[in-house]
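**Q** Got chain A sorted already, so can you dock chain B with the ligands onto it with the hints?
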Amino acid sequence: MEKLFMKGNEALAEGAIRAGCQLYFGYPITPSTEIIEYMAAHLSKRGGTFVQSESEVAAIYMVFGAAGSGQRVMTASSGLGISLMQEGLSYMAANELPAVLVDIMRTGPGLGGLGPTQGDYFQATKGGGHGDYHLIVLAPDSVQEMADLTATAFDLADGYRNPVMILADAVLGQMMEPVSFENIHVHTYEKPWATTGAKGRQRNLITSYNLQNETGEIKAIHLEHKYQAIQEQLQWAESYQTEDAEYLLVAYGTSARVCKGVVHALRATGVKVGLLRPIALWPFPTQVFQSYLDHVKGYLVVEMSAGQMIEDVRLAIQHQAPVSFYHRQGGMVPQQEEIVAQFNRVFLEGGHTS
Amino acid sequence: MRVLFEKTQALTDVPFHYCPGCTHGIVQRVIGEILEELQLLEKTVGVTGVGCGGFSEQYFNVDFQGSAHGRAPAVATGIKRAHPELIVFTYQGDGDMVSIGMAEAIHAAARGEKITAFLVNNSNYGMTGGQMAPTTLIGQKTSTSPYGRQSEESGYPVDLPALLCNLKGAAYVATVSVDTPANVLKAKRAVRLAFKAQIEGLGFSLVQFLSTCPTNWGLNPVDSIEWMQEHMFPEFQMGELKCPETFRR
Ligand SMILES: Cc1ncc(C[n+]2csc(CCOP(=O)(O)OP(=O)(O)O)c2C)c(N)n1
Ligand code: SF4
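Sequences listed follow chains A and B, in order. Sequential numbering of the first sequence, starting at 118, is according to the working numbering. Sequential numbering of the second sequence, starting at -4, is according to the working numbering.
No lab work stands behind these hints, which were simulated from the structure alone. One thing to keep in mind: the hints can contain errors.
To be verified - Calculated pairs, DSS-like style, for lysine-lysine (alpha carbon to alpha carbon, straight line, at most 25 Å): (1) B/LYS38 x A/LYS316; (2) A/LYS243 x A/LYS162; (3) A/LYS316 x B/LYS191.
Claimed, not checked - Residues of chain B clear of chain A, computed beta-carbon distances all greater than 10 Å: (4) VAL(-2); (5) ASP8; (6) SER62; (7) ARG76; (8) LEU81; (9) ALA98; (10) LEU132; (11) ILE133; (12) ASN161; (13) VAL179; (14) ILE194; (15) LEU214; (16) ILE220; (17) PHE231.
All figures in this text were calculated on a predicted structure; none of them were measured in a lab. Cβ coordinates follow ideal geometry from the N, Cα and C atoms, glycine included.
Chain A extracted, bound-state conformation (with noise of 0.2 Å):
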């Protein structure tokens, strides 16, 4: 299998082009800047579009419009362009229109810093704009899982029609590693409902308008039935070490690599531990979770955030074990040792739960 040796950001834009994005339109930030570079560069050639837009609120509209029409469609940003972008989102959740939006978080509130973190984990799951709506949201922890994910981020936009994010951290963006493409394809799905002129069939209208609360309520159930059914179906977590697991750690994105590490460590010492690793955010994988709690004694969730994804980890596991909480912020990436100082605090010094 030939395999390239490629930054995070750039593996994401070749695995887009390569699963078929046929429209680019974004606004350059860092950390996701090779992502428009490398569009600007490639997609053109190879027979897509690519427009900087005056920025991330044209962007996210450029792409509205674009997926209406029923093209594959692509944005990246990060942090504060995302928020710029919310109201866009609410509307594409709406119309359920299908795009990919990737977020290489920086870290905030406000202008923040460029260093990785997670703290876009609420923005990205709860809504982060208004209204009851929800993204697909996909968290990559290596460079093939950048390109890999954001393959099937397009598949599952289409399938479901609903934006899906891409959540990784600075890290994942610019970090390199090997990549192989061989597993990437195009798939084509049917929309009958995109605007592409009326040419022999009734006119096409999406719109979120609605005046009437008995048929708001009526959207709003068709929307809520569509979530419930992507929370049964995509529940998606990658075990790792976790068969004879007296102890879970918890983490996603660049946390997960350094747990794997943390788990090595703790195995070598004896201690029979394994990493959770949510790979889709939203849904959160609440279900792979029920079968480890009959014999799980504690969790430890690992994060570069004040205590996001602890709260669906809390959820998922409904008090029956208890939950301690590692995380680093600001830039500051959690180290092994720390993790490892921790858990044994935690776990097998007695020490405070949280």
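**A** Relative to chain A, chain B with the ligands alone:
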């Protein structure tokens, strides 16, 4: 029986909801008649912003996307780039296009985006009950300029077409009205040429319609037309502001 007049195929049978004397309806009929005349009904996508004109998504008998307040030119960009063979137009109010959506409007023009924009300027925010817009005239009373718009507080009215003329990407720019049969004919010519500019791939085209809002102006339909003629016509530069040489008769 000989048919003397028929409603254009470009409009659906949904009744207009517009207030009596509001010119939104006439503007939409003008645009619809040109769409039909140019045989564009099966290859056009319209985009609205939010405002009273937003309801036009129910009236135009073509594929349509309802976008957010001010964002129609960006949405139209996405559609046109996805399908360059389609004809794409936007329909926006003055609050929508000249206030919250100013950036998207100017940049679509600057990029020479091959879309056609229709701006319906009634010098206030109609839908939300008559607040001040960037187009509100000095001294004009609205619910957020209850003592009349003061330039010291709120600056001066914006004439967007006059601004956009300076951009190379703008191919055809005009301001018209639909207050008299003669002006309806001029408006139809402007709409026709605006679409022609798009069809020929010359760049961005914009037609501003000076329009009435009797409900929020507190005037009856006839007095509204007179108020518009007396106060708005002198403020906004009317006629063809920019026209490709080849279009001139
Ligand atoms: C982001 C956002 N802010 C505010 C509104 C509320 N709003 C709806 S229509 C409108 C003004 C419309 O005025 P205009 O564009 O002039 O159109 P008209 O109704 O006069 O035709 C406003 C402020 C909105 N829909 N979205
Ligand atoms: S509020 Fe004004 S713009 Fe809206 S329909 Fe009534 S008259 Fe027309």
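**Q** Take the hints in turn and mark each one as holding or not.
**A** Hints versus structure:
no. : hint                : result
1   : B/LYS38 x A/LYS316  : holds, 7 Å
2   : A/LYS243 x A/LYS162 : violated, 37 Å
3   : A/LYS316 x B/LYS191 : holds, 20 Å
4   : VAL(-2)             : holds, 24 Å
5   : ASP8                : holds, 13 Å
6   : SER62               : violated, 6 Å
7   : ARG76               : violated, 5 Å
8   : LEU81               : violated, 5 Å
9   : ALA98               : violated, 6 Å
10  : LEU132              : holds, 29 Å
11  : ILE133              : holds, 30 Å
12  : ASN161              : holds, 17 Å
13  : VAL179              : holds, 26 Å
14  : ILE194              : holds, 14 Å
15  : LEU214              : holds, 26 Å
16  : ILE220              : holds, 29 Å
17  : PHE231              : holds, 25 Å
In terms of the numbered hints stated before, the structure departs from hints 2, 6, 7, 8, 9, listed from lowest to highest.
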